[in-house]
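Kindly generate the complete structure, drawing on both the sequences and the hints.
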Amino acid sequence: ETGVTQSPTHLIKTRGQQVTLRCSSQSGHNTVSWYQQALGQGPQFIFQYYREEENGRGNFPPRFSGLQFPNYSSELNVNALELDDSALYLCASSSGLAGGIDTQYFGPGTRLTVL
Amino acid sequence: GESVGLHLPTLSVQEGDNSIINCAYSNSASDYFIWYKQESGKGPQFIIDIRSNMDKRQGQRVTVLLNKTVKHLSLQIAATQPGDSAVYFCAENRGGGSNYKLTFGKGTLLTVNP
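Line by line, the protein sequences give chains A and B.
Numbering-wise, the first sequence is residues 1 to 115 according to my numbering.
Numbering-wise, the second sequence is residues 1 to 114 according to my numbering.
Only some residues are given here: those of chain A computed to face chain B with a beta carbon under 8 Å:
hint, residue
1, Gly40
2, Gln41
3, Pro43
4, Phe45
5, Gly56
6, Leu90
7, Thr103
8, Tyr105
9, Gly107
10, Pro108
11, Gly109
Hint data in this document are derived by calculation from the structure and do not stem from the laboratory.
From the three backbone atoms N, C-alpha and C, an ideal C-beta is built for every residue, glycine too.
Below, the structure written as structure tokens:
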């Protein structure tokens, strides 16, 4: 167990709706990264938050947005849901070593189904 | 773009055999590489990592080899056990030293036969 938790575990939405997914980082970690994993694919980087600021973004449209809170937990928000947004959404936390490279530890994911 | 679907490379081994899972990466600027194991319905689990200034690193029953000349990474699992059955992903840090953006390969499905 990594200590990274995500909620909810599963979620079903319809096209056009909005969704908020939540992640609690591992104790001592100040960096949270979000990934989307479609069925049969590797995770795709969405964005990363470091000390409440966005610290890099992948090739996802603006309707994917996020937040990080002072306790370093994070939210991923997706507006105007599309069928292709159906995927496993993974959150990973890391210690954010300044100038260094540190390991990202993943939570169990939230399975989002868009109908 | 990437192909879509469930066509993962697969590796089937007998319990007790050694397994070798290979991965090719494309960015010569990548300086950090990680292997993750993902069981069905779970998030990726960290196995082992290696930095670009090394060519080999060993863990418990696992070894990662890095060949920067041909941009190739491999994961060796000794005495493979049924619990090792999972999808294995290699990931590279393409941030040129930045902490963000792990880029994952397609994954290899390892099946261990008892």
